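2 protein chains.
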Amino acid sequence: MGLTVALDAMGGDFGPQVTVPAAVQALLHSPELKLILFGDISAITTQLTLLNKLNHPRLSIVHCDNVIANETRPSQALRHSKGSSMRMALEAVAVGDADACVSAGNTGALMALSRYVLKQLPGVERPALISEIPNRNANHTWLLDLGANVSCDADTLFQFAVMGSVVAEQTLGTSPRVALLNIGEEAIKGNDLVKRCAEMLAESPDINYIGYIEGHQLYSDKADVIVCDGFVGNVSLKTSEGVANLFIDCIKRNIGRNPFKRLIAKWLFRELFNSLQQLNPDQYNGASLLGLRGIVVKSHGSADTTALENAISQAVYEIKRQIPMKISDRLEEVLLERHY
Amino acid sequence: MGLTVALDAMGGDFGPQVTVPAAVQALLHSPELKLILFGDISAITTQLTLLNKLNHPRLSIVHCDNVIANETRPSQALRHSKGSSMRMALEAVAVGDADACVSAGNTGALMALSRYVLKQLPGVERPALISEIPNRNANHTWLLDLGANVSCDADTLFQFAVMGSVVAEQTLGTSPRVALLNIGEEAIKGNDLVKRCAEMLAESPDINYIGYIEGHQLYSDKADVIVCDGFVGNVSLKTSEGVANLFIDCIKRNIGRNPFKRLIAKWLFRELFNSLQQLNPDQYNGASLLGLRGIVVKSHGSADTTALENAISQAVYEIKRQIPMKISDRLEEVLLERHY
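Here the protein sequences come in this chain order: A and B.
One point on numbering: in my numbering, the residue at position 88 of the first sequence is 88, and numbering is uninterrupted.
One point on numbering: in my numbering, the residue at position 102 of the second sequence is 102, and numbering is uninterrupted.
Incorrect hints may appear among the rest.
Identical copies carry no separate label here, and so any pair may be met within one copy or between two of them.
[Stated by the list, open to error] Cut-off 30 Å, straight-line C-alpha distance, at most; resulting in silico cross-link-like pairs (DSSO-like, lysine-lysine):
| id | residue 1 | residue 2 |
| --- | --- | --- |
| 1 | 82 | 189 |
| 2 | 34 | 261 |
| 3 | 119 | 189 |
| 4 | 189 | 266 |
The hints are simulated quantities; they were obtained by calculation from the structure and are not laboratory data.
If you're wondering where the values come from, they're calculated on a predicted model, not measured in any experiment.
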């Protein structure tokens, strides 16, 4: 099994300044990994020279003339994407030169191009963006969709549950508890979308569906996989970041530049700071696009070197677990069951 | 102007054990307030006797035989609500015996009964639930809808913006900055609902519309009024509670029962604790149902005495500002402008 990751070296707010050091770190930490960097060769080599890693045996560069800007609409990105670092990285996966693609570029463009270049798995209506979120008991929880689909129907939401379940099962080793995010726990609560999807999940023997959970239970370890549409998931995740930032601000204001207060705060609240770190998007970096014929990991645009390395590790993890194939197999089983 | 509040004394998780002491406190703190308690007379008098306030000159009791249970569906509540404490409190507002109703009971039932008993203001399609949320700079921010409407159209969302703007203006004294909650700041982002509503808001000269904001900006003081549908608003608010609870848990685990650590933590993080308190639903208690021909304030079911007193204060505030009349006037202006 190959372990080659195609990295869009131009993506994100900082481009090669972050992607290249992240690539070098990732190679250092995984001896079996190979990386192909897609982007402006002079910008990439400048960074590699600075790091004294110009001739790394497991790193190659493919020059690309174009970059898809952060403000480009997905439809525009599709039309004018030829030769762009993002598209060429995806094409490397499509033709088998790489086993996964990682990009910190424009999310909408990445989703549109991924669908166009890699295509969906059979039976998948829409790919979904999934990520791990922190958890009160330091266990794993996955939330999807995080914004790939601003409006969904019940079938799509059901597929998200199946795909999320497959991903979680790979880590947990048991059948994950799947819940729908809703505005109440009782069956009567919610909109038509969640109610219809709840019925489908309750009928499906392959999914360990545990019912609705509410926003305040996201981090409570009540469910392993939490399913919602992309609008709700995106708002919910970003709201969490907003609250975490509110606290970080508060702490900073309280401690100020006083080194004594800093020391005491660190002693007293090591665990609190870890939690705040966990809710920092850079830490849970590496949201995966599920449902495609290939592995695509989206990094935060603002990711730093460590965060982008996390996204690369996420891609390696998915390559090793053959996530797309497992999703495809499971969907086939579930859909067969639903129809016969 | 009267200042009479009808209190559903049976609502909430604790009923008269919380509502009666809250009523007594509210009377103590506002010398102009009169309260009518609706509920089981023996349960209410038991509590009043404990507090030695059996014959308070500004407190009266109306006995009700029924209570609407928390798990009752809105449709069921409507059919079987006669003689219930919630309905009788609302009827007191409808006939002019009280100027506002406060209940910590079943939210769905309260909304359904409010619409049935009080009716909507002319031109209002659907009432919305609004509440203040904390803010980085300790200013005011309002979020609506918090769950009254699980699905909305653009006209409804537009009306929420108008109603929220009226409420905020009463406190701020200036034209409030109104934003739509979305999954991106750029005009191309979001679902059809927010895009259509954004167009309507941008065209409206009466609303100081500032564009989209994202979940992480909810508490950032970028907008005074943040508008979204009830599903998104509810998930977002509850997610915030979830994150706050995650931190509170962490702090508790860190400090444990060590009194020395407690003392230092209080000294170091007074402001942080205040923020956590602010995100505690009991503190921002008192969500108002806007768009009705009367004032209805919904308290959290789990509210304690102080929190329920906050909800009563919120009702008093709205009576003094004549919020329903001001909403009605503003809506008439805005709708006239849109149609001519």
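Against the structure, the hints:
no., hint, verdict
1, 82 x 189, "between (47 Å within a copy, 23 Å between copies)"
2, 34 x 261, "neither (45 Å within a copy, 49 Å between copies)"
3, 119 x 189, "between (36 Å within a copy, 23 Å between copies)"
4, 189 x 266, "neither (43 Å within a copy, 40 Å between copies)"
In this structure, the earlier hints numbered 2, 4 are contradicted, and the remaining ones agree with it.
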